[in-house]
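Participant: These are the residues of each chain, in order.
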Amino acid sequence: MNETPDPALGASIIHATREALRQAQITLPPDVIRALSMARERETSEIAKGELANIIANLEMAGSLSVPICQDTGVPVVYITLPPDVPLTCTMYDAVAEGVRKATREIPLRPNVVDPLSRENSGNNTGAGMPAIHVRPGDRFTITVLPKGAGAENMSRIAMMLPSERDQIPKFVVETMLLAGGRPCPPVILGVGIGSTFDGVAALAKEALLEPIDCMTPYEEEILNIVNSLGIGPMGLGGKTTALAVKVKTGGCHTASLPVAVNVQCWACRRATVEVDY
Amino acid sequence: MPAGNGGGGLLSVMDLCTPLSHEVLMLRAGDRVTLSGVVYTARDEAHLRMIEEGIPFDPHGAAIYHCGPVIQDGRVIAAGPTTSARMNTLSGFLIEKGVRALVGKGGMGRQVVDQLKGRGVYLAFTGGCAALAASRMTLKGVFFEDLGMAEAIWAIELNRLPLVVGIDAAGNDLFDGVNRNAQAQFRKKFQAKREVSS
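Protein sequence lines, in the order shown, are assigned to chains A and B. With this note's numbering applied, the first sequence corresponds to residues 1 to 278, in that order. With this note's numbering applied, the second sequence corresponds to residues 1 to 198, in that order.
Derived by calculation from the structure, the hints in this document are not laboratory data. Where a beta carbon is used, it is the ideal one built from N, C-alpha and C, also for glycine. Be aware that a few hints might be false.
Taking CB as the label site, the calculated pair distances span [as the list claims (entries may be wrong)]:
| hint | chain 1 | residue 1 | chain 2 | residue 2 | range |
| --- | --- | --- | --- | --- | --- |
| 1 | B | S36 | A | P30 | 30 to 38 Å |
| 2 | A | P30 | B | K140 | 32 to 40 Å |
| 3 | A | D31 | B | G141 | 35 to 43 Å |
Some, not all, of what chain B presents toward chain A, calculated at C-beta under 7 Å [said to hold, decoys possible]:
| hint | residue |
| --- | --- |
| 4 | P59 |
| 5 | G74 |
| 6 | G80 |
| 7 | A150 |
| 8 | V178 |
| 9 | N181 |
| 10 | A184 |
| 11 | F186 |
| 12 | F190 |
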C-alpha cells in the first residue's frame, strides 16, 4: 500500500463517509420505500396494516426531523469502490474511520461498537476492524455504507452444505426465517450467499443486500414466496409480508463444497452511496 | 378508562396510562392500545444491575420498555424497541415486584407468558420506529448512566404510543400462534418435497 498521506483526499473521504451515513440513517432507498408501500396495500389484517402504517409514518417523521430511522444505528459496514487510477492507501482506512466518528457525533448515532469480551464501548463506533471496510474495484471512486443493526444480524446463519444438497438451499433459507420469527423486525430482506469459501460466502450474503430489491430472478422469487407463505408477517404479528425480497449472490467454490449464508436485514435496509472527490 | 373492550374481534383502541392497574388484565392478545405516562427503558445490562442492586424506581404498576435510545442534550432523538427475547430469563423479578407491562418487539418466551398470567401484559411496538416513538416522548430522568447510552435506564414520558397486545394476562400469546402456523407451513412445504425426491 502507498503510505504517502494526502490531506485533501483524506478530507474528501471523511466527508463522503459522513454524508453516506447521514443519508442512510435518515432516508431509505426508493426501492425499499416502494416495497413497503406495496406491502401495506397487500395486507388484509388490521394488525399487519397497522404495523406497516407505523413504519411508513416513522419514515416520514425521520425525514422531516432529520433524525435516524431506527435507534439501532448499527455497526458501520463500508464498501469502498476504487477506480483503476486510484491506489489503495492506509489514509483511506483512517479517513473512513474518522468519517464514522464524525457521523456518530453529528447525526448523532448510538455508539454501538464494543470490545467483544470486555464489552467496553469505544463511544465512537470504531474499534479493532471496525468500521468493517471492504474494497472493490470499480469505475467510480465511491463510498457505500450499509449500517447493520443487531436484531436482524443476530438471526443470520451459515452452513457448509454438501454439493449433493443443492436443492436444499431454499429450505435452509426459509428455515432461517422460521427460526428468526418476529425478532429481526420483519418484513425483512434476505441476502443469500452461495459458493465461495466459509468467510467469502458471508461476504456475498451481505453484498447481496446492496442490490436493489425491485427486480428478482425466478429463483429468488420462488424462495420469497415460500418465506411469505410462513405468515410470520410484519413484526411477527402475522400477515402476508414476512420478507420484501430475497437477493442471491453466488461465487465460485471448491468442487467438494457448497457454502451457503443467509444475512438477515430488517425492513430498515439502510444503504447509501456517495462519490468521493479526488 | 373506556370500557367495552370485551375481547371480541372489535379493534377499538384502549388508552392506557402509567401507573397501570388491574385494567391491563382485561386486555386480550391482538388488542390495539396506546400507552401514556412515564416508562423505564431497560436492556440486558440494566436488568442484571437491577437484579444485583435493586430497582431504582417504584415498580408498582410500572411499564418497562425494552429500548436503548439515542439521547442528545437531554432529548430523546430515537427510541424504538429492542428484541425482547433477550430479556426472557431476566424479567421475572420485575413482574413479581409489581411491573404491569413489558414493552418491546418480537415477543417473549414461555416462562414470561407464565409469569405475566394474572399480573400483566406484553405490549409490542413496531420495531425500528424510533423517530415515530421519539416524537411522542419526553425525557424525565436517568438511572445507572454509567452503563452507557444504550444500556442505562431512562425515565421517559410517553404520549399515546401505539401498541399491540402481544401477550395477555390470560396466557394468550399472539407470537406463539403465528410461530405455530409458520412451523406447520414449513413442514407442509418441505416434508412433502422430501417424500417426492426420495
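Participant: So, for every hint listed, does it hold in this structure?
Facilitator: A quick look at each hint next to the structure:
Checked against the given bound of 30 to 38 Å, the beta carbons of S36(B) and P30(A), roughly 35 Å apart, stay inside it. Roughly 38 Å separates the CB atoms of P30(A) and K140(B), a value that falls within the hinted 32 to 40 Å. Between D31(A) and G141(B), the C-beta spacing of about 42 Å keeps the proposed range 35 to 43 Å intact. For the restraint placing P59(B) at the interface with chain A, the shortest Cβ-Cβ distance is roughly 24 Å, beyond the 7 Å limit, so the hint is violated.
The criterion of a C-beta within 7 Å of any C-beta in chain A is not met by G74(B), whose closest approach is roughly 13 Å, and the hint is violated. At its closest, the beta carbon of G80(B) sits 5 Å from a beta carbon of chain A; the interface hint therefore holds under the 7 Å criterion. For A150(B), the suggested interface contact is upheld, since its CB lies about 6 Å from the closest CB of chain A, less than 7 Å. Below 7 Å, beta-carbon pairs count as interface contacts, and V178(B) has one with chain A at about 5 Å; its hint therefore holds.
Below 7 Å, beta-carbon pairs count as interface contacts, and N181(B) has one with chain A at about 5 Å; its hint therefore holds. Proximity of A184(B) to chain A is violated relative to the hint, the smallest CB-CB distance being about 9 Å (cut-off 7 Å). With a cut of 7 Å, the hint placing F186(B) at the interface with chain A holds, because the nearest CB-to-CB distance is about 5 Å. Hint status for F190(B): holds, given a least beta-carbon distance of 5 Å to chain A, under 7 Å.
Violation of the numbered hints given earlier is confined to hints 4, 5, 10; the remaining hints are satisfied by the structure.
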